[in-house]
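Those protein sequence lines, which keep their order, are chains P and E.
To convert, take the position in the first sequence, counting from 1, and add 297; that gives our numbering.
To convert, take the position in the second sequence, counting from 1, and add 3; that gives our numbering.
These are calculated hints, taken from the structure and not from any lab test.
None of the hints are false.
Anything over 10 Å on all C-beta distances counts as not near chain P; from chain E, calculated: (1) Glu38; (2) Ala148; (3) Leu178; (4) Ser193.
The following label-pair restraints were derived from C-beta to C-beta distances: (5) E:Glu226 <-> P:Arg358: 20 to 30 Å; (6) E:Glu145 <-> P:Arg618: 45 to 55 Å; (7) P:Gly354 <-> E:Arg42: 27 to 37 Å; (8) E:Pro166 <-> P:Asp332: 37 to 47 Å.
All values derive from a computational prediction rather than experimental measurement.
Think of the CB as a built atom: it goes at the ideal place given N, C-alpha and C, for glycine as much as any other residue.
The chain contents come next:
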Amino acid sequence: MIVLGIETSCDETAAAVVTGERRVLSDIVLSQCADHAPYGGVVPEIAARSHVEHLDGLIARAMEEAGVGFTDLDGVAATAGPGLIGAVMVGLMTGKAIAAAHDKPLLAVNHLEGHALSPRLIAPDLQFPYLLLLVSGGHCQLLLVEEVDSYRRLGTTIDDAVGEAFDKAAMLLELGYPGGPAIERAAKDGDPTRVALPRPLLGRPGCDFSFSGLKTALLHAVQAMDTPSEGDRAELAASFQTAVTDVLADRTANAIAMLRGSNVEPTALVVAGGVAANSEIRRRIEELAAARGLVLNIPPPRLCTDNAAMIAWAGIERLARGLTDSLDASPRARWPLDEDAGLAQGAGVPGRLGRKA
Amino acid sequence: MTSDGLTLLGFDTATTACSTALWAGGEVIAHRRIEAVGRHAETLVPMLREVAAEGNTTLAAVDRFAVTVGPGSFTGIRIGLATARGLALALNRPLIGLSTLEVLAAGIPEAERGRPILAALDAGRGRLYAQLFDRSLSALSEPQALHVEALPGLVAAAGNSEPVVVVGTGQAAALAALAPTIDALPATGSPTPDARVLVRRAATLTESGGVEGNAVRPLYLREAGARPRTQLAAGGPPHA
Ligand SMILES: Nc1ncnc2c1ncn2[C@@H]1O[C@H](COP(=O)(O)OP(=O)(O)O)[C@@H](O)[C@H]1O
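Isolated chain P, as found in the complex (with noise of 0.2 Å):
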């Protein structure tokens, strides 16, 4: 089986080749992080733009690279949501006219559920269910993954994604955009326990997730200083991190145990998304696994943020259940991972059409 993804949904124009025997024959993305970065985050408008003026071309060298035509592809698969709905349509509307061109079946998939099958690609031992904390720019949740298509919220964010969070932080501290990245660089040098900030809902019952009250009292912290040095922004950018993790090491200990008082065991810990990159959120969640006695798995960076392999992986796992959509699947905004539950499996792709979340 040999399937073709198209990712679109933010800032990342991506195309990738993948077979049903879990290899990658292309994989490009071209990020537009330069074009966002004087805005200090992502504009839907410019994001759009960027998306058609390139993705025929990526798709193009994708194909080349993985030296297949068209007419061998088995299925096309394109992010259909949740994301930036101009950016969204760009590449499901690509997807479909090449789906439609050469009569192959669309997978309209979901974003979320590229980033929860993704470990799959690369770890085929890896059984349903297992508990999945995905942190990424725009999200940041705790979900049972059950089987394809059947997932459950355990807990989502109240207010803003993680990597959200860390992108407002690095503009508070003026460390650049992207923020993840920055936030950490900075925090090496800094000791994390200099600056007393919130942990939002911690050791509060659930798994849900706040971020916003931490961004406030940094930014509180930060005018309280005046002109910050380098040396006062690496302790805040410490003790900002450190913060950050305590909360997601928190609420998935919540989750674990939420699981298993219920009688449901995970097979592994995955961790999925951008913010997935950060050593210090990887230490304390490692040590956790362990200390719950939970197989961890972190899929490498270039599948942890968005790509289009996990997108036609996704796909190759829709198609492989008879999961396909029709040509008049819609884009959306907004689309919760679970919002099926309760339906049969596979009942819940006709009535997802034009459902708004």
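On the provided structure of chain P, position chain E with the ligand as indicated by the hints.
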């Protein structure tokens, strides 16, 4: 080269309508058009297959594709272009991109073509997308986005002193703005682009070799509308 043997599929999603037409044997042999505000992304590709099927052909058997590149709704333009570029890539076929304004001008009835044509689309907030063409559809001005009040200036700057005929959703606003200084009449053509006109025009241009090197890129006529962030601020979502 004659367009008789040419099979050309064209579509438009740049404004409120979604329309598709199939050109073969020198005429439009199948077409569909619906008002599809907010439903272009769902409607377009199934419509392309229906129109091809009605013309007893398939997408893979089409020789050329044609699409409107704007001006119009940014999202609508991209829905059309992403689809068109996807088809052209997947089937290795040439793609012809025409402006919505040219398609509007080409759509007015033969009998009303006695004067230069002003195509005007409503761009919201007192603005228009507008372009002036002569009787044979050669452009007399660049397509542009402008305030309604600037319209007489556009017509004058094109060196035009003749009476004009106006087409498009901006027709009423344009006529009102031109009335004091320029003799202008309404045309009866479709106020939004139509794929039947698009494919006819694309076939004509193909025949005359007029589409060589026609880069198919969006014609937005307006900036993305964001301002660089210079101020330190806590608010405002980066993932807006
Ligand atoms: N080392 C890091 N530490 C913390 N956050 C990081 C790190 N590297 C990247 N990030 C964050 O990850 C996010 C990007 O991840 P990605 O999965 O591409 O997310 P999205 O597509 O949802 O924006 C950004 O918010 C970025 O700041």
